[in-house]
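> Sequence:
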Amino acid sequence: MKQLELTSQVSELWTRLDQVRSHRASNRPLESVIAPFTASLLLLRWADHIDTEQETVEAFDDHDSLPVLPWDQHWSSWCDLRGERLTDVLQREILPALNNAPNSSLGYSLQRLVPVFDELACEPPELIEILVQWTQAFNLDTVTDRQAAGDALATLVEKTTEQDAKIVGWFTTPRPIVEMMADLLDPSPGERIYDPCFGTGGLLATVASRLHEKAMSMPPKVWTEVQQQSVFGVEIDPFAYSIGLARVVLAGIDYPGLELGDALERPLAKHRFSEGFDCIMAVP
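Using my numbering, read the sequence shown as starting at 147 and increasing by one per residue.
Hints were generated in silico from the structure; no laboratory data involved.
There may be inaccurate statements among the hints.
[Said to hold, decoys possible] Computed beta-carbon distance windows for the label pairs:
| no. | residue 1 | residue 2 | range |
| --- | --- | --- | --- |
| 1 | I382 | V289 | 23 to 33 Å |
| 2 | Q279 | R238 | 13 to 23 Å |
| 3 | D226 | T288 | 42 to 52 Å |
| 4 | P175 | P320 | 37 to 47 Å |
| 5 | S168 | D226 | 20 to 30 Å |
| 6 | S154 | G336 | 35 to 45 Å |
| 7 | V289 | F423 | 19 to 29 Å |
| 8 | S363 | H169 | 47 to 57 Å |
Every residue gets a Cβ at the ideal spot worked out from N, C-alpha and C, and that includes glycine.
Construct the complete structure from the given sequences, taking the supplied hints into account.
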C-alpha cells in the first residue's frame, strides 16, 4: 500500500473521529489514545486469525484446539455490533476474557492489553464503532495483508505524534533513522535482538520485517525459530506496549518476546547462551 493511500486512510479516520470528539468524557487527549486503541483492536483480530489457524492444524492432526479466547468472544462474533450492544460486549465479555487469557505466549500478550481496553470500553459508543469498523476493513489473511495493516498503524502513530508528542506521551524515531539503524545492524535469522525500551516498536518492527525477508528463502524450520527466538523487548507504558506489540506481529513475528515492565528490573540472564542477546538496539 502506497504512502499516499495510507495517509488518506488515516486522514479519513481522523475526520470521522473529530466528529465525535465532543462526546468524550475522558481527560486523556484523543491523540494519546487512538493509536493504542486501534493497535489493541488489531491484536484481537490477529488473535482470532491465530486461533483459527491453530484450530485448522489441530483438526487435521485430530487434536482438540484450546483457543486463547472463547470462540463466542472472538472478533468475528461481535465486530458487527453497534451502539450500546458493542460497548456492553467489551465491558462484560471481552475484558473478563482478556483478564483470564491462558498463560501462553499469545495469552500473556492479550492480558497486557487490559489497561487499554479498560479505557476503550469507557469511550462513547460512536467512537468505538468508528475504530472497530476501521480495523475490520483490513484483511489479515496473508503476510502482505498484515504488513499493510502494520503500515497503516505506523502512519496513524506518526499522525498523532506529529501534532504534539508531549501530549501523546511518547516520541517516535523518524523512519529514515530507523531504516539506517536496521541497515547497520543487518539482522540475520538465528540472532537474538533486544530493545530495552521499545516504545511504539518502530525499531523492532523494522528488524522483524528484515528477518522475515531473509527467513523466507530458508528452510521452514528457520522461520519457526525466528518466530519464537529473535525479537525481544521491554516497555513500561501499556499504551505504547500495545502499539509496539501490534507493529511487530503485523511485521511477521507471531510470538515475539515482548514484556510489559521496567527494563531496569529485569533479572540478569542465568544462561547467557540461551537468554542473552546478540544485539541490543535503543534510541538514546
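> None of the hints should be skipped; say for each whether it holds.
A quick look at each hint next to the structure:
no.	hint	result
1	I382 x V289: 23 to 33 Å	30 Å, holds
2	Q279 x R238: 13 to 23 Å	21 Å, holds
3	D226 x T288: 42 to 52 Å	23 Å, violated
4	P175 x P320: 37 to 47 Å	22 Å, violated
5	S168 x D226: 20 to 30 Å	26 Å, holds
6	S154 x G336: 35 to 45 Å	39 Å, holds
7	V289 x F423: 19 to 29 Å	26 Å, holds
8	S363 x H169: 47 to 57 Å	50 Å, holds
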